[in-house]
Amino acid sequence: MSSKSRFIISTLAFGYAFLYLPLLLVVLYSFNDSSIATIWGGFSTRWYGELLQNDLILDAALLSLKVAVTSATAATLFGTMAGLALARFGRFKGRTLFSGMISSPMVMPEVITGLSLLLLFVTLQQFTGWPGQRGFSTITIAHTTFSMAYVAIIVQSRLLGMDESLEEAAMDLGGKPLRVVFDITLPLIAPAMVAGWLLSFTLSLDDLVIASFVSGPGSTTLPMYIFSKVKLGVSPDINALATLIIVAVSTGVALAWLIMRRSARP
Amino acid sequence: MVILAAAQRRDSDGLMATTHNSKDELWRRFALAAPYLWLLVFFLAPFAIILKISLADPVIAQPPFTPTFDATGHLSITADNFRFLLTDKLYAITYLRSVLMAAMATVLCLSLGFPMAYGIARTQPATRGLLLLLIVLPFWISFLLRVYAWMGLMNNYGVINNFLMWAGLIEQPIQMMYTDFAVFIGLVYTYLPFMVLPLYATLERMDLDLVEAAQDLGASRTRAFWDITWPLARPGVIAGCLLVFIPAMGEYVIPYLLGGPESLLIGRVLFDEFFVNRDWPLASAVAIVLLLLLVVPIVLLQRYQASDQDSSA
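As given, the protein sequences belong to chains L and G, one line each in that order.
Take the first sequence: its position 202, counted from the start at 1, is 202 in our numbering, and no numbers get skipped.
Take the second sequence: its position 12, counted from the start at 1, is 278 in our numbering, and no numbers get skipped.
What the hints contain is simulated information worked out from the structure, not anything from laboratory work.
Glycine included, C-beta positions come from ideal geometry on N, C-alpha and C.
Incorrect hints may appear among the rest.
[Claimed, not checked] The calculated lysine-lysine pairs, modelled on DSSO-like cross-linking and capped at a C-alpha distance of 27 Å, are:
# : chain 1 : residue 1 : chain 2 : residue 2
1 : G       : K289      : L       : K176
2 : L       : K229      : L       : K93
3 : G       : K289      : L       : K93
4 : L       : K66       : L       : K176
[As the list claims (entries may be wrong)] According to the in silico footprint, chain G covers these stretches of chain L (three or more CB under 8 Å from chain G):
# : region
5 : 11-19
6 : 52-60
7 : 117-127
8 : 145-152
Please model the complete structure; the sequences and the hints are all you need to start from.
So, in structure tokens, the structure goes:
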């Protein structure tokens, strides 16, 4: 083995260890009986039990899930339309602005997105009375806005990577463009839409900063609750919660990967 | 993952047959107008509002800033907030610190990410998918919880210190939490996938024969790397660096949880100016200046992504 590939392999090993060891330790310590989170006090599942009795966590998780499902669905709808427009509509007026607005939310620092959306909601309320209360609806709108960008890019890449001959054949055979979209294009990009939905769902569940800006009193999402808790230091019930999330996400990602892989096969 | 998809992009003129009836035309208009309007209202318009508020004076009222037009209908704007930002040393230093920390985190991500991406691109195609998945997976797990995981590791009585003391390497715990070191760890840990994916996308497309040819012609390995591999990987390097640098500049959570009082970054200042001091105009001005600092990198990134889409065959 050459020195170069040894260097590459050790960097890879180090990189993956760097990415995964902290997560493994959180999982391990979630089964720690001791209430001092960094000292091992024997195996126990008590923190999972306490998690289920904590109404604050359950309420926050419920709100987060509702926001995530709604915003992911809306984002998939708008994002798919945007991706179709970018990949298949050719040149249209305002295309540069459109694609700029699609790619910018993904790199915009969260503090700026959060602040700008809150100021928009405050201004809207001043002039129209809506939104009377900030919470579910405002967080959902904020999450839809940044998630649809991701969906649009995923759908667009899938369309650009895809042969147009199927769509062309359908049209040569007399299919109307609208029917071709629904009968040919949408089924072909369905895996991208599923991937986009799942990504939007996790991005929404993940967001702390933007939600902190646009939520009002009484609406606490799960990350906001976790943040208020971990500000004070390591806590064992958060370890248990993290473990549940790690397991759920890993399962979800593995499933998405399998779906994408199967659909990539001819 | 945007970039992951970039690996499979093909060139396409994106034109469909041009025979439409009115129903199809209606659908096309709708499919474009719905997301377009949404983004205009919820993405573009807010920036105009930030700009407007950054030109107002703070007042104790609801909302806490002066209107753009006073009671007599005259335009009433002020540049005081920007003047204050430019003259107060604390803000200048914080902006500079943010640029430096983000740049440093970018360099660290590149040094770790490049060999990783190179290694992944050179493995068997069958294992590549799995290795990539393992790069992306942490990105899907709550960002907050991943930063949190390091709190337990880097504590004075955390896993790392306990291990080092147990091994007899140190006698006193090393102070890692609440330092710049911890912030760098957090930044690299969080943004490493953003670096590896675009790098992988370009390295995977690279023709290995070129490197071999250079070596056959007598170039040393180092020479072949700097003359062949590096220039070919440049689009990926640029994209990766921008994808790390831009969000790291505005980072709030990592310096808050892992950094000490001296690791003040501009994202935190914006947050506190808004929520703690309730000075909305100043917070808006902080956001505008941050945005101005990021305009060049953001435009660069978009240009790169557009050209990547056109050139990849």
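Evaluated hints:
For the given pair, G:K289 sits about 10 Å from L:K176 by alpha-carbon distance, which is consistent with the 27 Å threshold. Distance restraint check for L:K229 and L:K93: the Cα-Cα separation of roughly 49 Å exceeds the 27 Å cut-off, and the hinted pair is therefore not satisfied. Only pairs whose Cα atoms come within 27 Å are accepted, and G:K289 paired with L:K93 is accepted, the gap being roughly 20 Å. Distance check on the hinted pair: L:K66 and L:K176 sit about 38 Å apart at the alpha-carbon level, beyond 27 Å; violated.
For the region 11-19 of chain L, the proposed coverage by chain G is satisfied: 7 residues have a C-beta within less than 8 Å of a C-beta in that chain, meeting the threshold of three. Coverage of the region 52-60 of chain L by chain G is violated in this model, with 0 residues showing a Cβ closer than 8 Å to a Cβ of that chain against a need of three. Counting residues of the region 117-127 of chain L whose CB lies closer than 8 Å to any CB of chain G gives 6, which reaches the minimum of 3, so the coverage claim holds. With 4 residues carrying a beta carbon less than 8 Å from a beta carbon of chain G, the region 145-152 of chain L meets the three-residue requirement, and the given coverage holds.
When held up to the earlier numbered hints, the structure conflicts with 2, 4, 6 and fits the remainder.
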